[in-house]
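Can you make the complete structure from the sequences, with help from the hints?
The opening residue of the sequence shown carries number -13 in my numbering; numbering runs sequentially from there.
Treat the hints as calculated values from the structure; they're not laboratory data. Check the hints yourself; a few may be wrong.
Pairs of lysine-lysine, DSSO-like flavour, derived with a Cα cap of 30 Å [unchecked claim]:
| no. | residue 1 | residue 2 |
| --- | --- | --- |
| 1 | Lys69 | Lys171 |
| 2 | Lys171 | Lys120 |
| 3 | Lys120 | Lys69 |
Computed Cβ-Cβ distance ranges for the label pairs, DEER-style [claimed, not checked]:
| no. | residue 1 | residue 2 | range |
| --- | --- | --- | --- |
| 4 | Lys171 | Pro197 | 34 to 40 Å |
| 5 | Lys69 | Ala129 | 22 to 28 Å |
| 6 | Pro131 | Gly50 | 38 to 44 Å |
| 7 | Lys120 | His34 | 16 to 22 Å |
| 8 | Glu61 | His155 | 20 to 26 Å |
| 9 | Arg118 | Gln57 | 26 to 32 Å |
| 10 | Glu44 | Asp182 | 30 to 36 Å |
| 11 | Glu82 | Ser157 | 18 to 24 Å |
| 12 | Gln57 | Glu82 | 19 to 25 Å |
| 13 | His34 | Ala189 | 23 to 29 Å |
| 14 | Gly135 | Ala189 | 28 to 34 Å |
| 15 | Leu49 | Lys171 | 32 to 38 Å |
| 16 | His48 | Lys171 | 26 to 32 Å |
The model shown is predicted, which means the values in this text are computed figures rather than measured ones. Don't be surprised by glycine CBs; every beta carbon is placed ideally from N, CA and C.
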Amino acid sequence: MSNQPTGPHLATQSAPTILSLPRRGMRNGPHGPSIPSGPSTGGPRPAHRAIELGQRYELLEHLGVSTAASQDFDELARDMAEKTGFLYGFVNLFLEEQTFVGLHQPPPDSGYVTVGRTMTHDHGWCPEVVARRKALPLHDVHASPRFSGNHVVDAVGIRSYFGAPLIHHDSGTVLGTVCVIDPEKRALHDARRLRDLVISAGAQVMDHISPAPSR
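Printed below as a string of structure tokens:
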């Protein structure tokens, strides 16, 4: 799979649909017209965002972590998706765009939407995870109007989302998230187990990025 960002476009009927996940102004998806995006999730102001972005880049460079797509991160995303039973899994660094350095998704001939490696900061639920610095379990995104008004819902047909932040243990810098998404909602009674699996996957990613010092 190419490591270059894929621009959003709809393929012909004979080819799989490939999206770089919804961007501002993209109104139609393969599941019908997208609904208007909801209000901002209350993320940092632009000046603060620029400072945080600089801190992320500086830390990633210090740790020797590439911002390109990685087979190791792809495998971690796949493992997380398989353990939770979700179709899609992501290791997501918050750079100029949300950048999926790790990605697992259904094969192109599965009939499900195939996504690219980037998404703008004002779409999806990961910005909320970064802002709140803790896990966000959405067993049914339609259960809350705050989270159902999102272009990702219709563009990819997503019904459930579980995400957790990637926080550097020494500096406290939030580098991004791990998350899983799926077109099927999940039972409320199973939400805690799924949340814990995603949190555990996030810890694995951070161990890969910045191993804890040995005692």
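Quick one: are Glu82 and Ser157 within 18 to 24 Å, going by C-beta?
Hint holds: Cβ distance 20 Å, inside 18 to 24 Å.
For the range 22 to 28 Å, tell me whether the beta carbons of Lys69 and Ala129 fit it or not.
Once the Cβ atoms are compared, 23 Å apart, the range 22 to 28 Å for Ala129 and Lys69 holds.
May I ask you to test the hint 23 to 29 Å on the CB atoms belonging to His34 and Ala189?
At 26 Å between Cβs, range holds.
Checking one constraint from the list: CA of Lys69 to CA of Lys171, max 30 Å. Satisfied?
Distance of about 16 Å is within 30 Å: holds.
Quick one, are Lys120 and Lys69 close enough, alpha carbons at most 30 Å?
Cα-Cα ~20 Å, so holds.
30 Å Cα cutoff - pair Lys171, Lys120
21 Å, holds
Cβ-Cβ distance between Lys171 and Pro197: within 34 to 40 Å?
36 Å, holds
Can you let me know if the beta-carbon spacing of Lys120 and His34 is within 16 to 22 Å?
19 Å, holds
Can the suggested window of 32 to 38 Å be confirmed for the beta-carbon pair Leu49 and Lys171?
37 Å, holds
Can the suggested window of 19 to 25 Å be confirmed for the beta-carbon pair Gln57 and Glu82?
23 Å, holds
Lying within 30 to 36 Å: is that true of the beta-carbon distance Glu44 to Asp182?
Because 31 Å falls inside the window, the suggested range holds.
At the C-beta level, are His48 and Lys171 separated by a distance inside 26 to 32 Å?
41 Å, violated
Checked against the numbered hints listed earlier, the structure breaks hint 16 alone; every other hint is satisfied.
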